[in-house]
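Full structure from sequences and hints, please.
Chain by chain, the residues:
Protein chains: 2
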Amino acid sequence: MTVSDPCRLTAGEAAAAMADGSLTAVDLLTGLLARIDARDPAVRAWLHVDRAGAMAEAKRLDAERAAGKVRGPLHGIPIALKDVIDVAGMPGTHNSPLHDGRVPVDDAGCVALMRAAGAIPLGKLDTVEFAALGRLPKTVNPHRLTHTAGGSSSGSGAAVGDLHVPISFGTQTGGSVMRPASYCGTYAMKPTWGVVSREGAKLFAASLDTIGWYARSVEDLRLVAAASGIAEQAGTARTVASLRIALCLTPYADKARDGALDVLTRAAEALTAAGATVERVELPASFAEIDDAKDTIMRGEGRAAFLPALLTRGEDLHDTLRGIAEYRTGITPMSLKAAQDHAAHLRMAYEGHYRGFDAVLTFGATGEADAGLESTGNSVFNSLWTLLHLPVIGVPAGDGPTGLPIGVQFVGFRHGDDALLDVAAAAAPVVDPWHGKARVPAG
Amino acid sequence: MTVSDPCRLTAGEAAAAMADGSLTAVDLLTGLLARIDARDPAVRAWLHVDRAGAMAEAKRLDAERAAGKVRGPLHGIPIALKDVIDVAGMPGTHNSPLHDGRVPVDDAGCVALMRAAGAIPLGKLDTVEFAALGRLPKTVNPHRLTHTAGGSSSGSGAAVGDLHVPISFGTQTGGSVMRPASYCGTYAMKPTWGVVSREGAKLFAASLDTIGWYARSVEDLRLVAAASGIAEQAGTARTVASLRIALCLTPYADKARDGALDVLTRAAEALTAAGATVERVELPASFAEIDDAKDTIMRGEGRAAFLPALLTRGEDLHDTLRGIAEYRTGITPMSLKAAQDHAAHLRMAYEGHYRGFDAVLTFGATGEADAGLESTGNSVFNSLWTLLHLPVIGVPAGDGPTGLPIGVQFVGFRHGDDALLDVAAAAAPVVDPWHGKARVPAG
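So the protein sequences, as listed, match chains A and B. Counting from 1, position 29 in the first sequence corresponds to residue 29 in UniProt numbering; the numbering is continuous, with no gaps. Counting from 1, position 302 in the second sequence corresponds to residue 302 in UniProt numbering; the numbering is continuous, with no gaps.
Heads up, a few of these hints could be off.
[Said to hold, decoys possible] A few chain A positions that, by computed beta-carbon distances, are all more than 12 angstroms from chain B:
| id | residue |
| --- | --- |
| 1 | Ala34 |
| 2 | Thr320 |
| 3 | Gly372 |
[As the list claims (entries may be wrong)] Just some of the chain A residues that point at chain B, by a computed CB distance under 8 angstroms:
| id | residue |
| --- | --- |
| 4 | Ser197 |
| 5 | Gly229 |
| 6 | Leu336 |
| 7 | Asp341 |
| 8 | Ala344 |
| 9 | Met348 |
| 10 | Arg414 |
[As the list claims (entries may be wrong)] Just so you have them, the derived chain B footprint on chain A, three or more residues with Cβ under 8 angstroms:
| id | segment |
| --- | --- |
| 11 | 102–110 |
| 12 | 200–210 |
| 13 | 291–305 |
Simulated from the structure, these hints should not be mistaken for laboratory data. Quick reminder that beta carbons are idealized off the backbone N, C-alpha and C, glycines included.
Here it is in structure tokens:
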């Protein structure tokens, strides 16, 4: 194997090249830094790049490999973290003026897991303030520099979509991992609620917050899932013909625009043509108000998250977050309880409703990324699955009418993360027009 | 008001004395430090006392008061934190050799709330390693120095029970706040799940972990609840005669020993004699296995919490925690899901079952504290309420056959923290033989 441009490699490809001696960790990092230098002045995904620390670690890992020691399947692979996820010794501001100059002393749980597998934390990525509301990221969409990359994990989607790094981490409370994936043309995974430690990540809503990750292949998503202890290293090969998929437009189908329905329909048709069973099965009527329940829980539980900041640094807190902390949202303890119980009912109802299917196939986002940076887009096709605690994998599935990427989501069952990776691995070659090729953004 | 021995004051009494000029924050702190110096060599509640930092803060707060500025109702009141709760700039080891020398840069959310109300973080209290399992605390029971203070919040219960500090914080995943309260003869409150930020506290099981606090009166519990945004500053006065209490022995009544049933029965009889309605209403049959569900969730969700430590510092991790992280507990993703759904059902069933009652009255612990430090006691009368996400207030209710304290618990409804404080305020003068007096431990 010869490697001409390391930034085009997926993590799995880079790991294979390092294993066969055709690439070193230093080569890979050097290639990625060159890509960041060339592109990030325009894309603005990064808040901090730890060049010296990462290079020292790459040399250390190359020396270990030369001595026959390989830490794990991500040995020598650079990763990047949304700035709400702590890396020991790196700035960690949550993109908030309340935390200027903050340098945490601990790795977040997910960072520790990746280090144990040999990954190199390279730096921190821009985010909506606190992964919630407030100061917006400066990141733009690498496919069109005048457009949003989505949010709140804006830098995480853009950095992987623009080939700055093969793997990045984000967080999702509503749609903050999956929407940037759709807009930036990347793969992404949000696992089942609770199965990956959230320690060391800024919290927002306890029953929603989930760590997620971006990559450019299902195989790379699995590498991270395996290093996180929620999937086997090797998946179980599925044929496309064995897949039983429920196509679901959700109660919010009227929000789809810009060819999102075309992309989803083509994905379903391609799966059918390849032999999969695809049946339209909508959610039951009890799911009609699910996005309202999510909003009540997010704002109701969010009060606890933002009250300490309100009472200590309130003058610096965004007015919407102040409103959440001050219970100015119209949410009461009793409406929060009702929404929490409704959500528990829906989680159980989902299981029965889709029994016999391998996954639900649905929109990745409402459409292409919006122009401008004032809005990071609409999370209505992502939030309901977060509320339901379900694992979700985003797969690039085509372009919208103006040529920007649009993804689809495969949704599994709670604690069925490993099985969902198998489904996505079988479906991706059929669904993703760029499968197996590095898509280099034209923006 | 004249103050002869400041350590005997509750926080509310000390605040009143500071307001009327008969006490300063420096006086109060000096008195508490003298008590700590006299007693802690034997009681061993503290891992770290920040004498200089607390004294500087006490002087600052006295100066502010002299200038007419009062931060809040805890202005000048020292508090102490279980060592799994971070205080910026203080050691925070979780009593684990994995974190020797760790000094976090952020206050935990609950610490920030107390600082905003004027409290002075004085130091860190001993705990079972990670508030979970592993290295045991050295803390003993202040009422008998050969006996356990309970756990995992051992130092938190002992420090308040022994008059070292009027308020302390702990965490509860099973029974880690309420059991030490019963053993050490203190009041304590575990609020509804999710209403107080857990940010900056070591996490164990996402759907169980709850911040709780210790004090020596219901009024002080309310001071903390109000500063935490979950209760009004002034409660609603209730007469004892207006209370409607359900007496519940739980499915684990056969575990009660050492006079625990006598203490509970006397509390119920005293309430009845004072005019309250007390009816025996047991949990429905569907609650029979509730402690097993709690155990499955604690260990199942705990896997995510301890996997990063296993994979980075596994050789230093207690074997039981290794077992949890390695899924050696027999728990599977599917049994975890089933337990999570069962718990959701039980939370909803509880509401209907006890509708019309103000609170449930039940055991505080299985009995008196055990001899020795090898076990911190049995959490079977505490864990079920944690699983149910219910607010709980512990009230001292008498002594067991050997003269050690035994408490009872009042259990409210989810998000009914404020109402439960009203119930406990009305019931405490009837239930607690030491009500209104400082009990000075004889150990």
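Now for the hints, and whether the structure bears them out:
1. Ala34: holds, 31 angstroms
2. Thr320: holds, 18 angstroms
3. Gly372: Nearest chain B Cβ is 32 angstroms from Gly372 (chain A), so the label holds.
4. Ser197: holds, 5 angstroms
5. Gly229: holds, 5 angstroms
6. Leu336: holds, 7 angstroms
7. Asp341: Result: holds, 5 angstroms to nearest chain B Cβ.
8. Ala344: Given a least distance of 4 angstroms, the restraint on Ala344 (chain A) holds.
9. Met348: Since chain B brings a Cβ to about 5 angstroms from Met348 (chain A), closer than 8 angstroms, the hint holds.
10. Arg414: holds, 5 angstroms
11. 102–110: The restraint on the segment 102–110 of chain A holds, since 8 of its residues have a Cβ under 8 angstroms from chain B and three suffice.
12. 200–210: Our answer is that it holds, as 4 residues pass the Cβ test (under 8 angstroms) against chain B, meeting three.
13. 291–305: With 4 residues closer than 8 angstroms to chain B, the segment 291–305 of chain A meets the three-residue bar; holds.
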